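In our numbering, the protein residues as written are 79 to 117.
FYI, nobody ran anything at the bench for these hints, they're computed from the structure.
The model shown is predicted, which means the values in this text are computed figures rather than measured ones.
Some hints could be false.
[To be verified] Beta-carbon label-pair distances, calculated as ranges:
#1 Asn106 with Gln86: 26 to 32 Å
#2 Thr116 with Met79: 53 to 59 Å
#3 Met79 with Ile112: 47 to 53 Å
#4 Val84 with Gln111: 38 to 44 Å
#5 Arg90 with Ile112: 30 to 36 Å
#6 Ile108 with Arg85: 32 to 38 Å
#7 Lys117 with Gly83: 35 to 41 Å
#8 Ser114 with Leu87: 27 to 33 Å
From the three backbone atoms N, C-alpha and C, an ideal C-beta is built for every residue, glycine too.
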Amino acid sequence: MVADGVRQLSRRTQEFTTEIRVTIAEVNGINLQIASATK
79 MVADGVRQLS RRTQEFTTEI RVTIAEVNGI NLQIASATK
């Protein structure tokens, strides 16, 4: 069914978006540590 495919795709997209957000948060945290260490 097309509906099942769309549902799976949207679930994967959500998971992917969540992973990207987590990665960005981690990178921002590292950047903050570097910034405070270089002061």
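Hint check results:
Separated by about 31 Å at the C-beta atoms, Asn106 and Gln86 satisfy the suggested range of 26 to 32 Å. The hinted range of 53 to 59 Å is satisfied by Thr116 and Met79, whose Cβ atoms lie roughly 55 Å apart. For Met79 paired with Ile112, a C-beta distance near 49 Å keeps the hint of 47 to 53 Å intact. Between Val84 and Gln111 the beta carbons are some 41 Å apart, a value that agrees with the proposed interval 38 to 44 Å.
Checked against the given bound of 30 to 36 Å, the beta carbons of Arg90 and Ile112, roughly 33 Å apart, stay inside it. In this structure, Ile108 and Arg85 meet the distance hint of 32 to 38 Å, their C-beta atoms being roughly 35 Å apart. Checked against the given bound of 35 to 41 Å, the beta carbons of Lys117 and Gly83, roughly 51 Å apart, lie outside it. Taking 27 to 33 Å as the suggested C-beta distance range, the pair Ser114 and Leu87 does not conform, at roughly 41 Å.
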